[in-house]
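Working from the sequences, and respecting the hints, build out all of it.
Single-letter residue listing:
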Amino acid sequence: MSDFLLATAGAILFTVAVGLVRILGGPGDADRMMAAQLIGTGGIASLLLIAAATGARGVDDVALGLAILAAFASAAFVNSGAPAEEPDPNPADDR
Amino acid sequence: MSAPTGDAPRGLKQATAARATLFLAFWLMISGWAPADLPVGLAAVAGATWTSLRLLPPGGSRVRIGSLASLVASFLRQSIVSGTDVARRALNPRLQLRPGFVTCPLRLPPGGERSAFCALSSLMPGTLPTGTDEHGALLVHCLDIGQPVAANLAAEERLFIRAVGGE
Amino acid sequence: MSVLQALDVGLAFLVFAVAAWTVFAPGPFAATVGYVVYGLLLSLVWIRLFAVDVALTEAAIGSGVTGVLLIGAAARLRGAETTPAEEALTGLTRLFAAGLCLLVAAALAAVVLLLPDQGPTLAPQSMERLPETGLGNPVTAVLIAFRSFDTMLEKVVLVLGVVGVWSLAADRYWGGAPGEARAERPEPTLAFFAQVLAPIGILVGVHVFWVGADEPGGAFQGGAILAAMWMIVMMARLTEAPQASAFWLRLALIAGPAVFLAAGVAGAVVAGGFFAYPPGLAKPLILFIETFMTFTIAVTLPMLVAGPPRREPRR
Amino acid sequence: MSLALDLFSIAAISAGVFFFLAGTVGLLRFPDALSRLHALTKADNLGLGLIVLGLLPRAESLLAALMLVAIWALVQLAGATAAQLIGRAVRRKGPAI
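Going down the list, the sequences are from chains A, B, C and D.
With numbering that gives the first Met the number 0 as the guide, the letters of the first sequence map in order to residues 0 to 94.
With numbering that gives the first Met the number 0 as the guide, the letters of the second sequence map in order to residues 0 to 166.
With numbering that gives the first Met the number 0 as the guide, the letters of the third sequence map in order to residues 0 to 314.
With numbering that gives the first Met the number 0 as the guide, the letters of the fourth sequence map in order to residues 0 to 96.
The hints are simulated quantities; they were obtained by calculation from the structure and are not laboratory data.
Everything numeric in this text was worked out from a predicted model, so none of it was measured.
Please note: incorrect hints may appear among the correct ones.
[To be verified] Under the rule of at most 25 angstroms between Cα atoms (straight-line distance), these lysine to any residue pairs were calculated in the SDA-like manner: (1) D:K92 <-> C:A24; (2) D:K92 <-> A:R21; (3) D:K92 <-> C:A72; (4) D:K92 <-> B:D143; (5) D:K92 <-> A:G25; (6) D:K92 <-> B:P109; (7) C:K282 <-> B:P34; (8) C:K282 <-> C:R128; (9) C:K282 <-> C:A265; (10) D:K92 <-> B:L96; (11) D:K92 <-> B:P104; (12) D:K92 <-> B:H134; (13) D:K92 <-> B:T131.
What follows is the structure in structure tokens.
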């Protein structure tokens, strides 16, 4: 059974890798951002499978941490784009 | 959020108790039942409850357990349909896609409940909310604009409003 | 070759491929996303090496703190993809830089490959003395007991980092708040996410810190998760970043190292050695120090990410 | 009984892998960024859900099983949020942002 779990973890990593090839190349930054999302979901899936197969302790907390932080890259991406309309206060001006 | 203004203190007390219970259950789940851990757990629960109340002040919504269960059941069913729908379209040799935007007016006013509904609908078949237009209607991206997207969304919204205690 | 070995080889290949992609990526943003993906893959690698503590650190820091910091920086640089300094680089300079990088990589590879099969290790001694600390997690014992002075100085470095970031502010912004003002109406999707996630993240962060005494976890990982929660609340514009001149903020920034140092000095008086813990009291003392460290880390990291003050201080 | 549970695990986890595969095929074939976003979030979230379902009978305790469900729910929340955020960014500024 654990061989099956490891094989499926490998299969998921493989499909994730193929997806990464597609979206890391773009064309847009939004496509690239999806790579972080893809590896987040796929990574957690294979993490859980590997943990179930190898019985490593404490992996639940790692999966929990990754799940909590899975949307942070996308949040930073849209957040950094948001204030572009306002003029950026330029510190170099007042020297 | 149709907040009843008269019994605000009681609503606050109830919301505090409900959220603290929920967070305590979550703490016990991740940390276990050992009595030695309990003081730290209670401190963490207090911190989480304070944060939650500060970020999301309790509104007037009264969650109905029965309606909530049917909403969860509907959500689970919809996520299976949704994933199958994407899989079918992706694996279909002719790639049956008619992507586009549909404008869906919502009855929920802007606020936490509306955001929660948008989060749910982004996991439903073929729909992805991408913000609102100037009239407050939801701009939904769909994989197939031939589907009755707006009608489906309105039906889900009715179910959602019932679950959070509207009507 | 067993399935597990095949998986490990595949994982290693994937990590290598993403690393190579990051180096050769077309532009800073693409490279940054590649780097975030690389970090996530590394947490899988650490799990396979049964280094769950490191996997937790990688997950918390990589997806939370550095991910947000680097993606924010890369998106900000989007308008100016090539700086004048970059344009001035000739082919020869680039070749020289690549050569230097290769040299460093080769030296590191040589060190790893030339290690004796039974590498020099202090692990048996650490495990032997572990019961004296009362802890169950040897990683925490090494960090807070066996090499505590080092760990204390690392936290001082973090505080110095904040001072460095703040010193980039223009004179008139000194003491002000970093980032944008709190929005009149925060963006609903992100606001909802932060409202739901932050309390849960606080529970997880405290749990990871607390469990670190006996299981994988610890002050740094827990503090980093708490830091990420404060960051998402600020990103959603539900709260503003505090003013750099706020007294409570300054106090929070130094609380961890200060308590740690005080415990170290007290050890010199009470337990007969700088940073020695009195026998029997080691575990409660370590947890006491770690509590303040967690708090300081949770405050320091968001301040590093928020950047220099960009608004005039209110008085 | 344990054979039946094993078969259940194998079936659910295999179905999960299938949906990850379908999501990647969607990423490869769908013509625009927003459609690819549908493929990514919906198929992969269902894939993770099925894998969690398959691992539930193998969990050491009830708490461990609940934890798996909580991890799944948090990933759902993250996926829903990220999809909406990226989707809105693409709609506003075009796919080339």
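Here is how each hint holds up against the structure:
Our distance criterion of 25 angstroms between C-alpha atoms is met by D:K92 and C:A24, whose separation comes to about 23 angstroms. Simply put, D:K92 and A:R21 have alpha-carbon atoms about 21 angstroms apart, close enough for the 25 angstroms limit, and the pair holds. This hinted pair checks out: D:K92 and C:A72 have alpha carbons roughly 19 angstroms apart, not beyond 25 angstroms. The suggested pairing of D:K92 with B:D143 holds, with an alpha-carbon distance near 22 angstroms, which does not exceed 25 angstroms.
For the hint pairing D:K92 with A:G25, the CA-to-CA distance comes to about 15 angstroms; that is within 25 angstroms, so the pair holds. This hinted pair checks out: D:K92 and B:P109 have alpha carbons roughly 23 angstroms apart, not beyond 25 angstroms. Straight-line distance between C-alpha atoms of C:K282 and B:P34 comes to about 17 angstroms, which keeps the hinted pair within the 25 angstroms bound. For the suggested pair C:K282 and C:R128, the alpha carbons sit about 13 angstroms apart, so the restraint of at most 25 angstroms is met.
Distance hint between C:K282 and C:A265 is fulfilled; the C-alpha atoms sit about 15 angstroms from each other, no more than 25 angstroms. Taking the CA atoms of D:K92 and B:L96, the gap is about 23 angstroms. The hint holds against a cut of 25 angstroms. A distance of roughly 23 angstroms separates the Cα atoms of D:K92 and B:P104; the hinted pair therefore holds under the 25 angstroms criterion. A threshold of 25 angstroms between alpha carbons decides the hint, and for D:K92 with B:H134 the separation of about 20 angstroms falls inside it, so the pair holds.
Restraint check for D:K92 and B:T131: satisfied, since their Cα atoms lie roughly 15 angstroms apart, inside the 25 angstroms limit.
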